[in-house]
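Okay, here's what each chain looks like letter by letter:
There are 2 protein chains.
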Amino acid sequence: MAHAMDIALDRITEIQRTARQEGGIDRPLWPVIVLRTPKGWTGPSEVDGLPVEGTWRSHQVPLAGVRDNGEHLRQLEQWMRSYRPEELFDERGRPREQVLAGVPDGARRLGSTPHANGGLLLRELPVPPLEKYAVAVDKPGATLHEPTRVLGDLLETVMSATSERRDFRIVGPDETASNRLQAVYAASGKAWQAEMLEVDEHLDRHGRVMEILSEHTCQGWLEGYLLTGRHGLFSCYEAFVHIVDSMVNQHIKWLRVTRRLPWRAPIASLNYLLTSHVWRQDHNGFSHQDPGFVDHVLNKSPEVVRVYLPPDTNTLLSVADHTLRSRDYVNVIVAGKQPCFDWLTLDQARAHCARGAGIWPWAGTEDSAREPDVVLAGAGDVPTQEVLAAAQLLRQHLPELAVRVVNVVDLARLLPAEEHPHGMPAAQYDALFTQDKPVIFAYHGYPWLIHRLAYRRTGHHNLHVRGYKEIGTTTTPFDMVVRNDLDRYRLVMDVIDRVPGLAVRAADVRQSMEDTRLRHHAWIREHGTDLPEVADWTWTA
Amino acid sequence: MAHAMDIALDRITEIQRTARQEGGIDRPLWPVIVLRTPKGWTGPSEVDGLPVEGTWRSHQVPLAGVRDNGEHLRQLEQWMRSYRPEELFDERGRPREQVLAGVPDGARRLGSTPHANGGLLLRELPVPPLEKYAVAVDKPGATLHEPTRVLGDLLETVMSATSERRDFRIVGPDETASNRLQAVYAASGKAWQAEMLEVDEHLDRHGRVMEILSEHTCQGWLEGYLLTGRHGLFSCYEAFVHIVDSMVNQHIKWLRVTRRLPWRAPIASLNYLLTSHVWRQDHNGFSHQDPGFVDHVLNKSPEVVRVYLPPDTNTLLSVADHTLRSRDYVNVIVAGKQPCFDWLTLDQARAHCARGAGIWPWAGTEDSAREPDVVLAGAGDVPTQEVLAAAQLLRQHLPELAVRVVNVVDLARLLPAEEHPHGMPAAQYDALFTQDKPVIFAYHGYPWLIHRLAYRRTGHHNLHVRGYKEIGTTTTPFDMVVRNDLDRYRLVMDVIDRVPGLAVRAADVRQSMEDTRLRHHAWIREHGTDLPEVADWTWTA
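Same order as they appear, the protein sequences are chains V and G. The letter at position 135 of the first sequence is residue 135 when you use the working numbering, and the numbering goes up by one with no holes. The letter at position 131 of the second sequence is residue 131 when you use the working numbering, and the numbering goes up by one with no holes.
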């Protein structure tokens, strides 16, 4: 074995020397040691007359009857004695000097070597000030940006700033450009070790964007990278991140356990950017529609998991800034790549993200002299737009109605404070959502998740959630929200149905909302595009 | 291409002939046709001066500007015309005779050939009468059986009864015996094509038990098998079925869509048996503890998904009988392999499974003269045992308390009738769980799932759920339920905390429960096993 190790290490040194001093070696054949031993080697060769050592029977407990079977007990003793414990331990059971002599000390101990405790090597990631990347917002909803494209500009700078340190990577299943992050290619190409053709673009032997159409490999790469004290981001189509459900389970379990070990240094968080999301799979359709990864991670240890749904570009920048700097978390960010209205200035976005959930006073009819009649809440970019359009319709058709508009960017805020570090205290939640007024909540994913988070809240019986109900297909963007009852017209109908006294008085408004939905239905079949009043909709305060 | 197909088909025929007439050919080299074509072949060779055909640029939309760019439009027309549509379609746009001549008819049409519409071949699975396999239950809780082991006997008969038809298989990640289903080996060995050694057992060239330590492969095998009109069961460790989350998503989506196609014949359901579950990972610990697959599938189309938690052996038989006969569903059965008390006779089990959720009158204090003071509900084998032990403690310590014991085997019964085909009508739910009494619900998995299912129920604000809170480790069986507050003592404390008037009167009982939990804590540290009163507990009516 020692001889084989020597050969392998010499070969590695030679490959490194040739590459570093002479350059140009492509895809060397790294040495592989194949060690083949009998299964259950040195264990009992036979038990109860059946062969064990070297067979599949060694896979489990080879001597299952030691409590009751004298022969099993005798064989166990014989096996244990074959290790000659008297040479290894003294009469008090302590390891002898010759054993301890081989135990490493100082920085070579398992808990102290940066090879095993990668957090010791972690350096703060140079995330630049956001001001340079933030989009200007003179008034809400006047401009549109693709949030992930702007994030790409920020990530390009992070990539540049780490070009010497080389401790930041972006992994993804061949979707960096599809997810609109291609600006990063200006700072780093895609890692590529094979042949490069004339027609290829952005390939780089030393690239720190790592693409492979295997979510499993991306997850494995990034976990290993973070565990060795470095930083990264996994950008993925929302529906297909379920491929790594089982892997992220184990990473979260690992973080939960290791956070409690005082000697283990924190590592960078595992950051997911889920984009190309459920509401904008206009061409791919049902197979690409699944917002359930959030549900999956929210079952896991609250001290580890964080979920963010930034509703526009500046909030995405603020969330990215926070998550990239954070430690020991699994952060899930859900954000679209399609043009999205800019609602908040950078300062507003920072404040909104810091509080995690808050009132957008300019969108509702806030008036300190009266309580709202209804709360319209949104979480996610598409639901937020529908909430604002619904608020606008209400202002137009039912101007006397007091409407509060709330946006939730940090989903765990909905949990009780005792259930999650980000959980909102009851008094604050009650003040925001009221104890007794209808709350119409437009949510990005499966609606029952919001109930699962908020079921303990005082006003839960007044909470009505709209979201994705697994009704998917290839259709127009607005038709997706209509089919799932998340559209602005449906939200207005929900308000009319829930606010006491409106049902009769506002029956005509409700009817006109229903009519518009029917008109939508007919229009998309004839034109293949959304109603002009929807496609061209803008916010007017 | 035709030449290559001829060579391949001849080679296949030759392999089959040799094997069938001469026997004994191991692992033939099946022909593989490698077809290598330029990417985007016959599409535009250059667009905007950049090469497209034969390059990565063909991967997406090669001519993105046809609406605004005249040159793109011209290239698109040229490309489309290269297929010579005038030869394929007549002036009214209908395919010409020469095209239609090649279209298959009758049973060779895509929707009519059993190669594509496998349900046409489906035969009823010969599930034997359950009487022979059911365990005798003279009184509840007097005997113990390993539920999956008894199920194995039933499956052996199914395997035998299909030995000629060969249309039933069991797949699993090398866990058939570990999950206690090894009786099936008497009827069919494990499929094995490679070398067989003297020491090997249960291997068979034609075996219909298919084991491979890859949940992905198991899922793929079974999906293909069902889609071709046959039957099967996937037995898996509960925690690791998450590996196929993304695959089962697509199968459920496929079933949801195809159920609505009148020409598509139903196929056998995809049946999961999840065992080696969260509560009995005494040796494997935290990494093997995850009951969240149920949460994952319950996000999906209600017309497709069914979840069963049989609390004992006879209920498992009844659930298995139903699911193996069913069509077009994804059935998830969660059942333990450890010794479990037998609660119900076969007849009782059938009635209980048919109603999906019901009162166990013998376990509570049912009295038609009064309403219960509290409902103790359980779902899952381990929670059911804790519920019964709690009911017994209540009877002993608070004999005046009217306790209803409810067991839920079909989880979707908790949903409103309008949300799931198995959803329980409101009046029935209210009668079972009451509208206004505390319900202490001991659930097998993440507790918030029960809230997500029942949040619309009248009495939801009185529903208090205990379950797995992601507090896992390697410990004794009872310590797992104590750590997650699912144990009998905690349930009794919950009753005392929730039933009006008990808090003060029964404070001494509550204190003794707390004391027992503390005693448990000390005992397991000293002895490594559970308290004798827990380990030796039996039900006494």
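To be clear, the hints were calculated from the coordinates, so they are not data collected in a lab. Please read all numbers here as calculations on a predicted model, not as lab measurements. For each residue, glycine too, the CB sits at the ideal point set by N, CA and C. Keep in mind that a hint or two might mislead.
Stated by the list, open to error - Lysine-lysine pairs mimicking BS3-like chemistry, simulated, CA-CA at most 27 Å apart:
1) G:K469 to V:K253
2) G:K469 to G:K437
3) V:K437 to V:K469
4) G:K253 to V:K437
5) G:K253 to V:K469
Said to hold, decoys possible - Covered stretches of chain G, as calculated for chain V (at least 3 residues, CB under 8 Å):
6) 233 to 247
7) 442 to 451
Outcome of the hint check:
1. G:K469 to V:K253: Status holds; Cα separation ~12 Å.
2. G:K469 to G:K437: With Cα atoms ~25 Å apart, K469 of chain G and K437 of chain G stay inside 27 Å; holds.
3. V:K437 to V:K469: Status holds; Cα separation ~25 Å.
4. G:K253 to V:K437: Given pair K253 of chain G, K437 of chain V is violated - Cα atoms ~37 Å apart, limit 27 Å.
5. G:K253 to V:K469: Roughly 12 Å separates the two Cα atoms, so the pair holds.
6. 233 to 247: n = 6 at 8 Å, threshold three: holds.
7. 442 to 451: holds (count 4)
Going through the hint list in order, the structure does not satisfy hint 4, though it satisfies all others.
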